[in-house]
Amino acid sequence: MVGKRILAIASGGGHFVQLLRLRPGFAGHSVHFASVHPDMASEVIGQPYYSFRDVSRADWWRVPLTLFDLIIILMRVRPQVIVTTGALPPLIALALVKPFGVRTLWVDSIANSETLSGSGRLARRIAGTTITQWPQLAEPGVDHWGSVL
Amino acid sequence: MTAMDTRAGNAPDVFVSVGSMMPFERLVHAMDAFAQAHPDLDVLIQIGRGRTEPAHARWLRLMPPAAYKAHVVGSRLFVAHAGMGSIISAIEAGKPLLMLPRRQALGEHNTEHQMATAVHVGCRPGLYVAHDETDLVVRAAMLLADSGTAPAPISYFAAAELTARIKAFIDA
Chain S
341 MVGKRILAIA SGGGHFVQLL RLRPGFAGHS VHFASVHPDM ASEVIGQPYY
391 SFRDVSRADW WRVPLTLFDL IIILMRVRPQ VIVTTGALPP LIALALVKPF
441 GVRTLWVDSI ANSETLSGSG RLARRIAGTT ITQWPQLAEP GVDHWGSVL
Chain H
1396 MTAMDTRAGN APDVFVSVGS MMPFERLVHA MDAFAQAHPD LDVLIQIGRG
1446 RTEPAHARWL RLMPPAAYKA HVVGSRLFVA HAGMGSIISA IEAGKPLLML
1496 PRRQALGEHN TEHQMATAVH VGCRPGLYVA HDETDLVVRA AMLLADSGTA
1546 PAPISYFAAA ELTARIKAFI DA
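Note that the protein sequences, when read in sequence, are chains S and H. By the count of my numbering, the first sequence reaches residue 489 at its end, each step adding exactly one. By the count of my numbering, the second sequence reaches residue 1567 at its end, each step adding exactly one.
A few of these clues could be false.
With the C-beta cut set under 7 Å, the calculated list includes, among others, these residues of chain H facing chain S [as the list claims (entries may be wrong)]:
(1) 1416
(2) 1557
(3) 1558
Computed cross-link-like contacts, DMTMM-like style, restricted to lysine to aspartate or glutamate with a CA-CA straight-line distance of at most 20 Å [said to hold, decoys possible]:
(4) H:1562 to S:379
(5) H:1464 to S:483
(6) H:1464 to H:1528
(7) S:344 to H:1566
(8) S:438 to S:409
(9) H:1464 to S:379
(10) H:1464 to H:1437
Listed below are several chain H residues computed to face chain S (Cβ distance under 8 Å; list not exhaustive) [said to hold, decoys possible]:
(11) 1459
(12) 1483
(13) 1554
If you are wondering where the hints come from, they were derived from the structure by calculation, not from laboratory data. The beta carbon of each residue, even a glycine, is placed where N, CA and C say it ideally should be.
Please put together the full structure from these sequences, using the hints given.
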């Protein structure tokens, strides 16, 4: 496939469901998906899918496992662009690629309608571009481009 | 006590999901009690990593995406936490959703964002918010008697304005 190598990555549950709804935005490129449940491969048949071990602030001691999985995925995909809908593991991936000139887009989850997510607040400094799905949360450095619904 | 259900087969009358990421004991307890009070109804609960194994409802921990979608479509009533995966699944299926928001104050999530979701997303047609467990079982019975408005079916993709800008970002 022609085009750029895109890594579309998200945690489980609603994060990945939102990422799937962004697929028309990836048209014409070579898209590699990554999330936490191996089962989700069935949602992106015909495109490469990788799973990684999840971590959140509540179980932060699992970070080394997630870090290991993410490094393997990044070395295999060698993405030129990363798009994510959160949460903590993709933020780690964005931090890992920051020195390498990878273009990165953080789409804050639609579940955060009154404040940016904790990861989203950090993403403002780590991601190349950070956007919110709620117009009332737009601020300097955080644009609103629309929502997944 | 019922055994963990391994049949992915028939859609239940009432399909309940706590999502895939964290346990939600309050929802499981309430809907197991609902199953006890309505022995004529087939209630299936996806309990995730929860500690409580339902005694009256059928249950399983996590099912593959295809089975999950089939249960959302095939059940008479879908009940879930106020998580975006559940909400988007219901809207994509054009299925009414009754949701009980997780409370940070009760240790059910990291923040109170599901209360915000209940206000800002729960106002869409076809979505119903329960304030607590008592309200939940009353609304469940009411929605089974009259399933109310279904969400307007939407496409499986985000608004074109958003995906067009994402495409422009990638292409640049």
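Structure-based check of each hint:
Interface hint status for residue 1416 of chain H: upheld, as the beta-carbon distance to the closest one in chain S is roughly 5 Å, under 7 Å. A hinted interface residue such as residue 1557 of chain H counts as satisfied when its beta carbon comes closer than 7 Å to some beta carbon of chain S; here the least separation is about 3 Å, so the hint holds. Checking residue 1558 of chain H against chain S: minimum C-beta separation of about 4 Å stays under 7 Å; hint holds. Only pairs whose Cα atoms come within 20 Å are accepted, and residue 1562 of chain H paired with residue 379 of chain S is rejected, the gap being roughly 27 Å.
Among the hinted pairs, residue 1464 of chain H with residue 483 of chain S is inconsistent with the structure: their alpha-carbon atoms are about 33 Å apart, more than 20 Å. A C-alpha spacing of about 25 Å is found between residue 1464 of chain H and residue 1528 of chain H, which places the hinted pair above 20 Å, so the restraint is violated. Proximity of residue 344 of chain S to residue 1566 of chain H is assessed by CA-CA distance (about 8 Å); at most 20 Å being required, the pair is judged to hold. Restraint check: the Cα-Cα separation between residue 438 of chain S and residue 409 of chain S comes to about 17 Å, which is no more than 20 Å; the hinted pair holds.
Of the supplied pair hints, the one linking residue 1464 of chain H and residue 379 of chain S holds, its CA atoms being roughly 13 Å apart against a limit of 20 Å. Restraint check for residue 1464 of chain H and residue 1437 of chain H: the C-alpha separation of about 17 Å stays at or below 20 Å, so the hint holds. This hint holds: residue 1459 of chain H has a C-beta 5 Å from the nearest C-beta of chain S, less than the 8 Å allowed. The beta carbon of residue 1483 of chain H comes within 5 Å of a beta carbon in chain S, closer than 8 Å, and the hint placing it at the interface holds.
Satisfaction of the interface hint for residue 1554 of chain H is found here, the shortest Cβ-Cβ separation to chain S being roughly 5 Å, below the 8 Å cut-off.
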